[in-house]
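**Student:** For this one, chain S is given, so just place chain D on it according to the hints.
Here is what each chain is made of, one letter per residue.
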Amino acid sequence: MSVVAAARAIAVDVKLTMAIAVAATAASAFAADLWSLRPIRRPELPGVTAKGDLNAVDYFIRTRLEKESIAPAPEAPKHVLLRRLSLDLTGLPPTPADVAAFLADSAPGAWSRQVERLLKSPHYGEKWGRHWLDQARYADSDGFRADRFRPHAWRYRQWVIEAFNRDLSFDQFTFEQLAGDLLPNASMDQRIATGFHRNTLTNREGGTDPEQFRIEQVIDRTNTVGTVWLGLTVGCAQCHDHKYDPISQRDYYRLFAFFNEADEDHMDAAMPGELGPYLQARPPFDLKRRELLEAHQVPKLQAEWEAGMFEAAAHPGARLDWDHAFDDLRTDCEDGEKILRTPGASRTRRQNKILTDYFLSNYSRVISKERKDELKFDAVLKQLRALDATLPPASEAPVLRAFDRKSHLLMRGDFKHPGEAVEPGTPTSLPSLNAAGPRATRLDLARWLVARENPLTARVAVNRIWQEYFGRGLSRTSENFGNQGESPSHPELLDWLASEFMDSGWSLKHIHRLIVSSATYRQSSDARPELAVRDPENKLAARQARLRLSAEAIRDSALAVSGLLSPEIGGPSVRPPLSASATIGKDWIESAGRDRYRRGLYIQLNRTAPYPLLVNFDAPNGYGALCRRSRSNTPLQALNLLNDPAFVEAARALAVRSGIEGGNNFQRRLDRSFELCLGRKPANDEREWLLEYWQKQPEPMAWTGLSSVLLNLEEFITRE
Amino acid sequence: MMNRRHFLHAASGFGSLALADLIAATGNPLSPKAPHFPASARSVIFLFMPGGPSQIDLFDHKPELRKWHGKPLPASVTKNLKLAFIKPNANVVASPRSFSRHGQSGAEISDLLPHLAGRADDLCIARGLHTDAFNHDPGELLLMTGGMQFGRPSMGAWVTYGLGSESSNLPGFVVLTSGTGPSAGSNNWSNGFLPSTYQGTPFRGSGDPILYLSNPEGFTPEMQRSRLDVIRRMNEKRQGETGDVEIEARIASYELAFRMQMAAPELLDLSSEPQRLLEQYGVNREPTHQYGLHCLLARRMVERGVRFVMVSHGSWDDHNDIDKSLQKNCQVTDQPAAALLADLKQRGLLDSTLVIWGGEFGRTPMTQQQRPDIGYGRDHHPNCYSMWLAGGGVRAGVTVGSTDEFGLEGVEDRIHVHDLQATILHCLGFDHTRLTYLHAGRNFRLTDVAGNAVAKLLKKGLA
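Residue numbers (the numbering used here), protein chains in the order written: chain S, 1 to 720; chain D, 1001 to 1463.
Just chain S, same shape as in the assembly (with noise of 0.2 Å):
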């Protein structure tokens, strides 16, 4: 039976999640002692005598600091927990409204209602989105040397913001992403989140291997699968057993064959209200490109051309020129010579597309130079790029679909020596899979990912929130719980945590709100110096952390507060303006109007040449599944806030707005300065201080330069 005849198979019965059965004793002895694959039980709430408005996450907290005899930390300032807690959930800071109104709210459940008034905050899908396409690896780039724009990636992009926003459901989460296309009459949206897989690097470096970067791809997005729902290193059995990890190389090949049977696609993925425009320009557009390519004589040449191309593929060797020319349409062109061997009738509008446009590009090849000027195809180029700016937009998206392909154990790993035939299955060490065809499919593989049996997922899942929230997971090494991991420092909270996301049918905003809405998490961030030698990192959660953010957050803040952010939601990626001397790369065309100043999320990543702030405050550039990031501490990162015209621009974007909205006094215009930007007002010193700076400074600079200072404050690019 094919694979997609088996997901039908499977897909007959919607219920069939339950058909993942247990072999509870196919755990080795070596895996039972690792605690991340015992079994998750949910444990007891444990009694504390501490009075309060506790919840169940400070039960298991405190017990254990009652057990240390280290009493909390008392509750942060109002005006820092309004912060953080808008930080966390949106990555955006809260407005002077926004404090204000948290400052006069003084009936019960007052924080409960900002909880619930950001936890509905469209910006939530963005700031946690980004966390998990941190985990997907997600960039608009191929990498490698040529690293081709992505024009489309940024679809699956606007399917992790819509998903967050719509609190969809983890484990469904988990099947689209991984066998969208599987599921029982699929939909669009279900199609785009396969997605994920195509964040994959692609090398179209000539004289490549097409098999092996193929093979190279599925082993990526066998680790993935590993590191990000796992927690597991699983990539190192690759080559040989695991050292350290239950992991044969067979169980890994096993994953891999989950992968290896399914290739890429491509799919028309419009947004809401793109349609009609489109479908309408369309017959005229078509009527004029044919009428363009004709009168230039394009689809005779072009026949040749194809006859060439065969002739080169076919006779290797006979002319190197054409060699090279087959060679680059495999590597350089997408699916170019899949393109070629299909029958012009039968290609799609878009592979006649791809193909013409490409033939015109590299004609030149194969023919001399007195043809290519005699041809002027740059100039038919240009035409059709002009009329191919008058089509509205629709959008497409890169997708996966099944595909027939027997799948072999690879001798250390290597393309070229394949070892015993392997079919689709999981570890054994963990719990079995039995899938509901005859053959797992990736469908399978996803439901056993998120049944409940499954010890891993939610632990992983959980604990990755944790990490964002406390600066370090209940276990710290958040992207590996094998046997060189950390064990957690409170297992009983991990647990039940993981428990509570799946009795909450996954639900991510439930977890969310769990944390967020405990008295451990409105601790105050101060250092506690009783506490240095006892708990230097912090295990005990005896205090909130103070943590720098993240670059996108940095940037997001200084739009947020001079009132340059365009706040809205999802689209294409933008290309802000660079300064001149950070050239990145030869197709940064800037968005024009307020595209210029979207969050940073929304900013093309060329996986090879990354926006200079991204790379500075530690942004991924989507090599690899990241699942927590570093937070260094460069000049470089001064250098950026001090003198990047983007944040000059923002500091005196700044100083308008506090002139408009805080008047000529100095006082209250540098209150509302602070208010804008710290949520807070000034203290008298530092009004003082700030006074005496003010005063040195030139007129027209001094409140640029004033509120520029307020951007490179540590506690303007830190979450307290």
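Think of the hints as simulated: they come from the structure by calculation, not from any bench.
It cannot be assumed that every hint is accurate.
Stated by the list, open to error - Dumping the calculated DSS-like pairs for lysine-lysine here, alpha-carbon to alpha-carbon at most 30 Å:
| # | chain 1 | residue 1 | chain 2 | residue 2 |
| --- | --- | --- | --- | --- |
| 1 | D | Lys1082 | S | Lys338 |
| 2 | S | Lys416 | D | Lys1087 |
| 3 | S | Lys681 | D | Lys1071 |
| 4 | S | Lys243 | S | Lys406 |
| 5 | S | Lys78 | D | Lys1237 |
| 6 | S | Lys338 | D | Lys1087 |
| 7 | S | Lys369 | D | Lys1079 |
| 8 | S | Lys243 | S | Lys300 |
| 9 | S | Lys376 | S | Lys353 |
As the list claims (entries may be wrong) - If we take Cβ atoms under 7 Å as the criterion, some of the chain S residues that face chain D in the derived model are:
| # | residue |
| --- | --- |
| 10 | Glu205 |
| 11 | Glu370 |
| 12 | Glu374 |
| 13 | Asp618 |
| 14 | Pro635 |
| 15 | Tyr693 |
| 16 | Glu715 |
In this text the structure is predicted, and so the values were computed from the model without any measurement.
From the three backbone atoms N, C-alpha and C, an ideal C-beta is built for every residue, glycine too.
**Tutor:** Below, chain D alone, put in the same frame as chain S:
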């Protein structure tokens, strides 16, 4: 001390114990650190030649190839050859260059490198280099990061992580590039999964030498200083209130940024260099100006305590018309590289500075190009190629390793790029297996899971 340790963890993101152990008590992740054992080199200048320079036309003389010129090599020697573009039965092109012996050591160097030939007795030429990749990206990554996948820290990042920097006002790891640049771009100087403190800082050819180094328009140096002073005051107050030691590091990084603003112009100001020296480097003269300037800046940086300087020029990826391209690349780089060696030596810096010249692989003895209107070229060749090293504890005036008569395979003293990396780390005082960083659940190192330092390249061997 636990407090300090906590700070170290914070400063290094999720820094491992290994990192914490390495960081000196000052808390600055870039402050100088002692290696595992006494080092023979204090700093590194890597003259990176991306694209794959042709060893057959530069350092590895193959007179036997004349017999095969215009013909394919015997099938028996090429049967296991896997190349990027050409078939193993492509026709041989013998090098048109003439080779002669130079210096007391009698090193064989082609006429494309007359200036370098004059420094033959400073060089340790290694002819048995080999690598696993026959494409640029994976090849460059393997050479510079120890792995063929993207995302690993580069050699310069590892070295800076291990040793810190001796400059208090310049970055510890600086990158200077000319030409089209290496194909794997910034991945060649990326910090990978190490904290970004250790990333290579590219000096730019136009505008600010370091990105965002200049004060914003309208900000005088006095205004910048007063801005920094008030930021510092405010940050110090916040540190007092919160007790967060990370703020101390933030203040320090602002001060270093300011010192960089002051020091970079001084670094770039060549008015104190004698005219004769500028001429030796080929500065202010084409085609050597930019590369000469970069070589001179590399010396000035090493003098000022910069730990690792990458001076990249390329590409050397000559699939066609290779003889002409080689002449061009050599005219650009030969004189400045030789001047750098002479200058370092004259200043007594060569002993403590390890200079390395080379690319990600070599080139085939066979030609790639058949079109009559284009000159012949050579394909990528990973199985054997040449590099040279100088100073920093490596032997001077020797040629190590040999290849077969066709230049297809190494015969004696083959050196894998992992071995080269292990050797470089050895010169800097590191056992390459112990310079590690915990990432994604395991300890990573520059040499992946392989590599041995090569005693034959070292003055004192491995003792």
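**Student:** Please write out, lowest number first, the hints stated earlier that are contradicted by the structure.
**Tutor:** As far as the earlier hints go, 3, 7, 8, 11, 12 are violated by this structure, in ascending order.
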